[in-house]
Each structure stands twice: as C-alpha cells, then as structure tokens.
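Visitor: First to last, the sequence lines map onto chains A and B. The first sequence stops at residue 433 when you use this note's numbering, and every number in between is there. The second sequence stops at residue 1257 when you use this note's numbering, and every number in between is there.
Be aware that one or more of the hints could be misleading.
Partial list, computed: chain A residues near chain B (C-beta under 7 Å) [as the list claims (entries may be wrong)]:
#, residue
1, V361
2, I372
3, P386
These aren't lab readings, by the way, just hints derived from the structure by calculation. Glycine residues also receive a C-beta, built at the ideal position from the N, C-alpha and C atoms.
Now for the letters of each chain:
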Amino acid sequence: MKKWFISSFFIGFLILIGVSFYFELISFRGLLLFITGLFIVLLLYYSVLALAGLYYRAKRKGNMPSLEYYPSVDILIPAHNEGIVLEQTLEAMVRLRYPGRLTIYVLNDNSSDDTADIADEFEQTYQRVRHIRVPAGEPKGKSRVLNHGLEISDGTYFCVYDADNQPEPEALIKLVEMAENYPNAGGAVGHVRTMNEEKNLLTRMISIEFQVFQLLMQAGRWQLFKTGSLTGTNMLVKRSVIEDLGGYDPYAIAEDAELTLRITRQGMFLPIVPHSITWEQEPETMPVYIKQRTRWLLGNLYIVEKTLLEPGYFKGKLLVHSLHQLMVYVIFWIFLVISYIWFVLGVFGYFHVIITIPLMVIWYIAYVVYTIQLLSAQSAEKTFTPQNILVSFIMYFTYAQLFSYLFVKSTIMYMKAKREKRVIGWDKTTRFK
Amino acid sequence: MDRLNKLSIAALVWIGTFLLLFYFTQTFISSFYFVLLAIIPFIVFLNLKEKLAFLVFISFILISSFGLLTYAFQQAWETPVQLAAVGIHAIIVAHIGTAYVLTKWIKALAIENRQLQQRVNELAEYIANTRVLSFREFNKQKELITNAMVRRKETGYLLTLRMNKWARRVKKSGIDLLAESVYTSVREHFDVVGKQDKDTILILLQNTGEDGLHIVKERINNRLEDVFTPETINKIEWDKEIVGYGRQATVKEGDAQ
Chain A
1 MKKWFISSFF IGFLILIGVS FYFELISFRG LLLFITGLFI VLLLYYSVLA
51 LAGLYYRAKR KGNMPSLEYY PSVDILIPAH NEGIVLEQTL EAMVRLRYPG
101 RLTIYVLNDN SSDDTADIAD EFEQTYQRVR HIRVPAGEPK GKSRVLNHGL
151 EISDGTYFCV YDADNQPEPE ALIKLVEMAE NYPNAGGAVG HVRTMNEEKN
201 LLTRMISIEF QVFQLLMQAG RWQLFKTGSL TGTNMLVKRS VIEDLGGYDP
251 YAIAEDAELT LRITRQGMFL PIVPHSITWE QEPETMPVYI KQRTRWLLGN
301 LYIVEKTLLE PGYFKGKLLV HSLHQLMVYV IFWIFLVISY IWFVLGVFGY
351 FHVIITIPLM VIWYIAYVVY TIQLLSAQSA EKTFTPQNIL VSFIMYFTYA
401 QLFSYLFVKS TIMYMKAKRE KRVIGWDKTT RFK
Chain B
1001 MDRLNKLSIA ALVWIGTFLL LFYFTQTFIS SFYFVLLAII PFIVFLNLKE
1051 KLAFLVFISF ILISSFGLLT YAFQQAWETP VQLAAVGIHA IIVAHIGTAY
1101 VLTKWIKALA IENRQLQQRV NELAEYIANT RVLSFREFNK QKELITNAMV
1151 RRKETGYLLT LRMNKWARRV KKSGIDLLAE SVYTSVREHF DVVGKQDKDT
1201 ILILLQNTGE DGLHIVKERI NNRLEDVFTP ETINKIEWDK EIVGYGRQAT
1251 VKEGDAQ
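Let's have the full structure, built from the sequences with the hints guiding it.
Guide: Below, the structure is given as structure tokens:
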C-alpha cells in the first residue's frame, strides 16, 4: 500500500511537471532558476557546515571531565578472515586505558585463516580478551555478528571497532566520559583516521574524504543541529538503548547509519568526540575501493527506502538525517545526471540554450566550496602538507566524479535484487599487509 | 618533502600568481593596489593565531565567491565575461592562499625552532658563554653533592636569587652578568651556580655554615655593586634553604638580604 502510494506520488509529480510544460504554466527558464536557487542554497549550507565544524574543532569541544565511576564496557570486534590485520588490532586494544571493567570480544565469524589462532593467543595472554566463535547463520554480515556479540556480553556500554582498527589509548575513555556526561546521550562517536594515507594517491584521497566527513557531517552537524552519526567503528552505544530498539537490523548493510536513525528517532543524542581517535586501514586498490563503496551505497539505498516507507522518519531531529539521505541519494543525484546529459549533449551540439544565469560562476563556486571543505578538514586535523593541498585541487575532477559511477552501479544492483526478491549479501573489505 | 622545498615551492607559486595577476589586470588596477595585495595578507596572517588566520582566509574566499556570483547575476554576465572573472578570482585566491600557507609554515618553523632551542638549553651543561650550569645539570650535580654531604654529615646552603622585580628590558642582559658575578664570588670547582629560568639564579654552597654564608653574600654584593646600581641590587629577592645533613625548611629572607 505504502509502495503504491509513493510510486503514484512520484509518477503524479512527473506528470504534473510534463503537463505544466505543455500548457506553458512553467517555463524552462523558471525550472532552471528554481534548480539554480536550490543548488546555491546547498552550497551555502555546506559552507556553513564547514565553518560550524571548524568552530567545534577550534573550541576543542568534545572533551569532558573525568568520572567518579567508569561503567563496564564491552568492545565488539567482528572478524571474518582478518588474520592479516588482527594482531596489530589486538595489540592496540590491550593498550586501551580504561579504569572500569573492560572486555574485548573478538567475534570470529567462521574465519578460515589464522584469525582464530591470533585471537586464542591473545585470549590466553590477556584477562580482558575473549575469543568468541560466532555460529554460522543467515543473513551473513556484520549486523548478525554484532547481535551475537550483544547476546553473549553484559556490559553497560558496548563499543564497536572494525578488525583493522587501531584506537589510540585514550580513545575509549573519552567516548565513555562524553556518553556519561552529555544529557540524554545514547552513546558517543569518535573520529576515524587513515593509517595508510601515504600508501598511494587513492588512500590519500580517501583519507582527505574521511577528514571532510568528520568535519562537516559530524562536527559541523553536531554544532548546528546536535545530530551525530554512528560510523561503524570507534562508536559507543548504551546497551539499554539497543535492547529497547531490538538490536541491529540484520538486513541493513550500512548497519551504523540505520542504527543512527533509530536512536535519533528515540530522541537520544549521539555526541561527537573528535579527540577519540582510531586509525583504520583504507582500500589500497581501485577494485577493493569500488567493492567497499558499492556496499556502502547499497546500504544507504536500503535506508532511503526505509525512510520513505516507514512512518516517523521526518519528525524532530530525524528530519536532518532523513532530508540529508534524500538530498544526497535522490535529489542531488538526479541533478547530477541531468547536468552530465546536458554537458554531453552540449559538447556534441545537440542541445543549446541561451540563458542569462551565470552557470559558469556557479560551477566555479561549487568547485571552490568543495576545495575549501577539503582544506578546512586538513586545517582541523593538522594535515596541511603540500601533497594534500595539491591532491585537494584535483579531487573534484577525479575522486568526486567516481560517485556517479558508483551510484549508478549500486542503484542497478539494488533494483535487480529487489526485482528478484533477493537479500543483498555482505561483502567483506579486503585488507592489506 | 623537506621544509626548504615546501617553502620554495610556495614562494614560487606566490610570485607566479602575483605576476599573472599583474599581467591580466594591469590595465584597470593601479600598482598601489598590487602592493597592498602583496603585503596585507602577510601582515594579517602573521599577526593572527593559526585557527583565526585560517578562518579569515576561508571567510574571504567564501564571501568573495558568493559576492562574485551576486554581481554576475546582477550584471547578467555572458560566458566569456564569467570566464575572465572566474580566472582572475582563482588567481587572487591562489595568491592569498599561498600567502596563508607561507606564513603558516614560517610560523610553524619559528615555533619548532624555539622549542628546539629550549630543548638544547635544557640539555646543555652550561648556559651559553658563561660558566653557569643549566638547570638540568645543576639539579644533577646538586643531587650528587647533597647526598655526599649527608653521608659526610655536612651542612650547606641553597641560595635562590630572583630578579622578578627588574625592568623587563634589562632582564636578559642582567641575568648573565648577575650569574657571572655570582660565579666569581664562590669557590671554583667546589660550589655550583646554575640558572633555573630567565629570572632565577641558584647557588649551592657546600660544607658552609652561617658565617660562611654571610661572607659569600657580602662577596656577591661587592661584585654586584661593580655592575649594577644600588636600586637594582635592592630589587633582587634572596631565599636560602639549608641542604645536606640536618636539612630544614626554607627561610624567606625578603628583599635584598
């Protein structure tokens, strides 16, 4: 019923535009002006986000006073064939400074490499480490493994780290201090930095992109709207909160984003803690990168569908998240495709329009705003190097354009899976030595 | 990439953008404004704190960009005019951006240099060009000497001379002269003299009683009178502490012994 309603709404909207054009109720110029206005608003919004993020970072907000009592925390590390990176990860985990009860669970999801041997050795050596063999089951993926981790643990909080993560010793304590001190917090979210940034151009670009995400989408949005997003790693959540919500959605591929929406819907906060830092390995080759990002986009399309079909996603603070999902994954993408088609048709002389809107200046400002965001992120993270500055200038023309390809690929995959009534499987990111 | 290369590249880009700007706009912008464009960003960025300087930098870019857009709308610019305006704006942004980067790296270099100098001073045995020990070396020797004094059941004094009340501008020259005067007033290779910080001199007198302390103080005062005015000497704060065997609490003596 709901699907029918939404499909009818979109079809009706398109028919309305077509009819309006036919009867000259709206002109091409009017439509273009409307889109231009919308685009300028978007650019202004992102500029304000960058400034707000810089303010949040400059004020060193996110640091909280020490606690008299530190509640128990369970660290959950889902691991499927993570032998390449697990040893370094557990070395960092056992160095975490935490005055309360801390248990580190390696959730071994049927690994066939030496993951189990490494986890066993750490379990036999360290009081805090537990090696848990997760029973096989469906649907495959991180959500199901995390749900198993929640069943076998009992801490007041749980904290998720990916198996390639190396948190700094103070990372966890800062998250707990924020979650305990901030009123009505459902947890807290730290920062993720790239450990293999220097490896090649791709890893450098991913690193810069992460820094921007954390400046705008985390610090900036928190400063302006008090909305934070769980990032899948270096994130702390109260056990009582997830129990009330019924655990992770096992079908969600972007389980962090999905959980963020449900926690926000409950009226709880997820404060950002920039000084809680974990170092993560990013894809070093293009095929691995494409595979990872396709998975993320599929996960986000699932959330877009959920946002549109389930009630309550356009209320209160959740509105910020829901609008963002729709703006990026529906509206922005439609504009992007139109602009590409327009550009190509224009180049080959099939489409020509004389219009007095300064499109060239608008395009230039889009480039300036994008690059400013990259530079601002580097300023906040103190990663201003000649290499990063140079890469920032070319990212718009290279890395950013990959989004369109990835989005088309993911949309086709998603539609195909829907038509065949198939569950989209989890795809593990390949690690590098 | 080392610092020198970084700075050289930034300087080259800065000069390049300046020349480009001059070439493209010389017909309608006077050379006076060019000089301002070259100097003002440097003055602003050098005098602001790092985060504020960056905020000023990006605020300038954002405000000027949206200002350009508003103007382009008002004037209904054709594509060639838009291209020219965008080109010139981009060069100005690159020029000011390089000025920001240059000042940022120069300031970082200066801070690092200062920190390294402090570290060298900490590690150095003697304060440069004097026979006065660094604070670190003084503490090391003090530890050895006081332990030996306890074993030998001897008493000594730790004297602290503070110049907090001296005029700011004469402190730097004064402390070295004060330290040297003190050094020549005590027993060479037996008592030790050290510099705690930019305002404080420490003297460790071994195996010395109340009488010995009095003699040393008088000798120091006599030496000081050769160099400093009586008002300046009166502004020196003296503290004494008994060290070694039978150590007692610090006795505050007040200004000018």
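Visitor: Taking each numbered hint in turn, which are not upheld by the structure, reported in ascending numerical order?
Guide: No hint contradicted; all consistent.
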